[in-house]
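Participant: Could you put together the complete structure from these sequences and hints?
This is what each chain is made of:
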Amino acid sequence: MADYLIKARGLGVNRNGRAILQRADLTVQAGKIVTLIGPNGAGKTTLVRAVLGLIKIDEGTIAKAPDLRIGYMPQKLHIDASLPLTVARFLALGGKARADLAETLALTGIDKLINMPMQSLSGGETQRVLLARALLRDPQLLVLDEPVQGVDVTGQSALYALINEIRNRRQCGVLLVSHDLHLVMATTDTVICLNQHVCCEGHPEQVTNDPAYLALFGEAVGATNPPQVAIYTHHHDHQHDTHGNVIHTKPGAHIHRHDSSCGHDHHA
Amino acid sequence: MPDFLLLALLAGIAVALVAGPLGSFAVWRRMAYFGDTLAHSALLGVTFGLLLDINLNLAIALGCLLLALILVALQNNRFLATDTLLGILSHSTLALGLVCVSVFSDNRIDLMAYLFGDILSVSRTDVASIWLISLAVIAALVWLWRPLLAITVHEELAHVEGVPVARVRTALMLLMALVIAIAMKVVGVLLITALLIIPAAASRRLTHTPEQMALVSSLLGVAAVCAGLAASYWWDSPAGPAIVLSATLLFSLTLLKRQPV
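In order, the protein sequence lines correspond to chains A and Z. Under my numbering, residue 273 is the last one in the first sequence; the count climbs by one each step, no gaps. Under my numbering, residue 286 is the last one in the second sequence; the count climbs by one each step, no gaps.
Hint data in this document are derived by calculation from the structure and do not stem from the laboratory. All values reported here derive from a predicted model rather than from experimental measurement. Cβ coordinates follow ideal geometry from the N, Cα and C atoms, glycine included. Treat the hints with care, as some may be off.
Computed Cβ-Cβ distance ranges for the label pairs, DEER-style [stated by the list, open to error]:
#1 Z:LEU231 to A:GLY22: 50 to 60 Å
#2 A:LEU106 to Z:GLN237: 14 to 24 Å
#3 A:SER87 to Z:ALA255: 25 to 35 Å
#4 A:GLY46 to Z:SER146: 55 to 65 Å
#5 Z:THR273 to A:ARG14: 55 to 65 Å
#6 A:GLU64 to Z:THR107: 26 to 36 Å
#7 Z:THR107 to A:PRO71: 53 to 63 Å
Rough simulated footprint, nothing fancy, chain Z against chain A, three-plus residues with beta-carbon under 8 Å [unchecked claim]:
#8 57 to 65
#9 79 to 85
#10 89 to 102
Facilitator: Below you can see the structure in the form of structure tokens.
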């Protein structure tokens with residue numbers, strides 16, 4: 006048995022002669038949560054799509070555990086209004102369920118929605134239905150592309166708590182793309198900051214006592230509830246010029262930047 | 026009932042039955058323009074059939090299948106938006122077909138019959154081949170139903186879940202090419218898309234599942250064929266356009282019903 010679910014080494018993807026992903030490494034192990042962060046256009050989704058086999062890679066290798074079952078939660082779902090499709094039918098389209106349907110519905114909290122047309126769901130409800138469809142495959146690896154986008158702070162905490170519970174229960178690996186550069190899921194094991202290449206990698210810090218955090222989320226989480234998000238501090242040893250090329254700083258002149266610049270154009 | 030009317034009715038019903046599920050996919054996947062392009066290219070198939078002196082129905086089917094494959098290949102190349110690409114091909118093939126037919130055919134063929142259909146002149150052999158193709162396409166649709174729906178909802182999700190997306194999509198286009206080839210006799214190249222789209226759009230308001238929508242769409246298509254042929258018989262209106270107008274009338278009637286949520 007391999008000690009990884011997925012191991013990508015030196016991934017490179019070019020589009021129209023432009024490198025949108027360079028020398029990217031990524032490993033996801035069973036029971037671990039990996040969060041991908043980075044500015045818009047950093048190649049997060051490209052990396053995920055390469056790992057899923059949705060796009061051709063130009064360089065590098067991707068090794069997968071044998072017979073790896075992947076549950077994928079895409080970023081967006083658009084179903085034409087002309088297609089009459091209930092939540093139940095949508096879930097059934099994923100093929101024969103390997104996980105218990107009733108349990109998955111209860112876990113994701115969508116049991117009440119089962120007979121609703123897909124087009125009538127709110128953004129947060131759609132996210133949970135997509136998560137349920139991924140879970141029904143009883144995946145060994147769960148790939149979530151911006152699962153909390155468009156979800157409010159409370160919903161975000163609930164979704165992160167749910168993902169953590171799923172990981173603990175099923176011991177699956179989780180690869181998560183986050184739209185936020187600094188606030189990541191608290192139980193993340195590894196954070197990978199991407200900007201065409203892997204800029205830095207590390208663990209998030211506990212932020213329970215961080216005043217900035219409390220100011221933002223103090224109301225949403227009580228003292229008894231552990232916070233579901235944590236701050237990730239970037240440690241970059243290089244900067245990018247205006248074309249995105251790496252400018253290495255001189256040895257000894259190692260710069261830690263904790264503000265939002267990080268040498269990148271960090272506009273969410 | 027005179028023989029020609031019975032044959033026309035049989036041919037029309039066969040086409041309407043298969044147009045239901047296929048038209049539903051055309052609506053769900055927004056393939057109306059794609060259908061138009063394929064249909065227009067059928068005229069080119071007629072020309073080649075005449076030039077090479079092969080069976081015209083076979084030539085039309087082969088022409089549609091060939092263009093469907095070219096479209097699949099071109100759609101992977103994303104330098105132009107799909108609708109622009111289809112717009113270029115659709116009208117160029119129609120224009121080329123019109124030019125070729127008038128230059129090469131020596132007035133041997135009736136252009137209007139190909140543009141607007143000639144259902145009242147179908148032979149027994151035509152009816153047999155139309156039914157054969159119709160039933161084969163329906164069987165293929167039933168067999169591919171779940172993967173087809175899965176790629177209609179989300180292609181990448183389907184891919185990750187193990188659906189061979191490219192193959193299923195190509196199969197759908199080829200099935201559509203086959204149906205266009207048989208529908209050409211009924212309503213002609215200019216009105217084929219209407220026969221696919223209008224009954225499907227009409228049944229949307231009456232149904233709650235994809236299967237119901239496909240089935241009701243078939244039934245509405247059959248009703249439109251019957252009504253169109255009746256109008257043609259009693260009032261001597263052209264059959265193809267009368268069938269399309271009957272479908273439009275049915276669609277208008279469904280607008281009176283409140284949209285199901």
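Participant: Which earlier hints can't be squared with this structure?
Facilitator: 7
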